[in-house]
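> Sequence:
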Amino acid sequence: MSSSREQSVADAFAELSDTLVADFDVVEFLHTLAVRCVDLIGVQAVGVMVADQRGGLRVLACSSEESRLLELFEAEAEAGSCADCYAAGRPITVRELDPADPVRVAGFRAVHALPVRLRDDVVGVLGLFATTPGAMSDADARTARALANLTGLALAQHHAVEYRQVLAEQLQHSLTSRVVVEQAKGVLAELLGLEMAEAFTELRRFARRIGRRLSEVAADIATGDYPPDPPEPAAGRSRMILICRFDRLVLRQLRAAIRAAVTRHGLNMSQTEAFTLAVHEAAVNAVEYGGGTGQLILWRYAGSLYAEISDDGPGLPPGYRISEEPPGLAPGSSRGLWMINRICAGVDIDSSRAGTHLLLRYPLLAAVSGWPAVAPRPRAGGEVPGGTTR
Numbered sequence: 001m002s003s004s005r006e007q008s009v010a011d012a013f014a015e016l017s018d019t020l021v022a023d024f025d026v027v028e029f030l031h032t033l034a035v036r037c038v039d040l041i042g043v044q045a046v047g048v049m050v051a052d053q054r055g056g057l058r059v060l061a062c063s064s065e066e067s068r069l070l071e072l073f074e075a076e077a078e079a080g081s082c083a084d085c086y087a088a089g090r091p092i093t094v095r096e097l098d099p100a101d102p103v104r105v106a107g108f109r110a111v112h113a114l115p116v117r118l119r120d121d122v123v124g125v126l127g128l129f130a131t132t133p134g135a136m137s138d139a140d141a142r143t144a145r146a147l148a149n150l151t152g153l154a155l156a157q158h159h160a161v162e163y164r165q166v167l168a169e170q171l172q173h174s175l176t177s178r179v180v181v182e183q184a185k186g187v188l189a190e191l192l193g194l195e196m197a198e199a200f201t202e203l204r205r206f207a208r209r210i211g212r213r214l215s216e217v218a219a220d221i222a223t224g225d226y227p228p229d230p231p232e233p234a235a236g237r238s239r240m241i242l243i244c245r246f247d248r249l250v251l252r253q254l255r256a257a258i259r260a261a262v263t264r265h266g267l268n269m270s271q272t273e274a275f276t277l278a279v280h281e282a283a284v285n286a287v288e289y290g291g292g293t294g295q296l297i298l299w300r301y302a303g304s305l306y307a308e309i310s311d312d313g314p315g316l317p318p319g320y321r322i323s324e325e326p327p328g329l330a331p332g333s334s335r336g337l338w339m340i341n342r343i344c345a346g347v348d349i350d351s352s353r354a355g356t357h358l359l360l361r362y363p364l365l366a367a368v369s370g371w372p373a374v375a376p377r378p379r380a381g382g383e384v385p386g387g388t389t390r
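Heads up: the sequence shown runs through residues 1 to 390, numbered per the UniProt record's numbering.
Treat the hints as calculated values from the structure; they're not laboratory data.
Each pair of labels, with its calculated beta carbon distance range:
| hint | residue 1 | residue 2 | range |
| --- | --- | --- | --- |
| 1 | S4 | D247 | 44 to 54 Å |
| 2 | V179 | R245 | 17 to 27 Å |
| 3 | A302 | L20 | 20 to 30 Å |
| 4 | E96 | R245 | 43 to 53 Å |
| 5 | R142 | E324 | 56 to 66 Å |
| 6 | D138 | V250 | 56 to 66 Å |
| 7 | R117 | E6 | 21 to 31 Å |
Here a beta-carbon is modelled for each residue, glycine too, at the ideal position from N, C-alpha and C.
Throw the hints in and build the complete structure from the sequences for me.
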């Protein structure tokens, strides 16, 4: 094994093991593991399958969220090499797939399946698809076995005397999380006009952006909002209020939708107008300077309203900070961002050449405590609970 490969393997296992000792999301972790497996081993696709309570294999994570790849792994879990591996409890390699095999038709030549074990139990399979025929090298085989073992460790989140019952409950919870993630992907794909793989990427980005678990955010997106008077979400949960794409033609309708949504969530008239103005101004900026279109995610969490307005523009200059002094009125003076910063209790900017994500927070307690429609002090950035600060 070359020194560069050894370093890559060491870095990957350090990353994954660091995640295991923290409070991690199993679906997110296994997706990362599958991606790292592709990076480290001479294969092109990886799927993680676990057994449900009836003993059938279910796909929990893939290296790619493309619908076709998910379908291939699901077929393997039902009646392919991965199913055979689970039944036999030993590694299985098909060095050259039959030309009629759906996996071969999709462009892959070989399948490698490794059992995922917890103690003496086989609880799943790590499936690998390769575009070249033949067996894995000894080094790749060792790395694959280590990743399969790490998968087992990720699934072993608790220890108890009633081990098998606890294990079954853990695996069922993991599978339920995967179902919720699929539902959330569908919601985002429909509302934001994305492919399913793009929807998963956006879901992961958003969860990381606000510092919450992937499965928790997925559950909130899948649940959505409901009329007429939404209560405060349960501790640790959020209420997704509005998710949409927008362009110049729908800005007026967008403003009306924002106003109606935040009114339902407890702001008085002046506060509703202030927060609506801030979100709408951010949307206008996205259209004017961010490529002509954008997306809005509006939600309620921990006593505040949040809005993330995103665009695909060239981004803000490196090190940009919102001015503390009122800028001029000329176009491009950043007066809109200055005004948004005056209105909101928290403003966080995440900008790169790939686009800008503007995260706003407005406290719902304003209706009780008297939070002004315009904040008394400018803020150049700020701590955003559930978010990140640059």
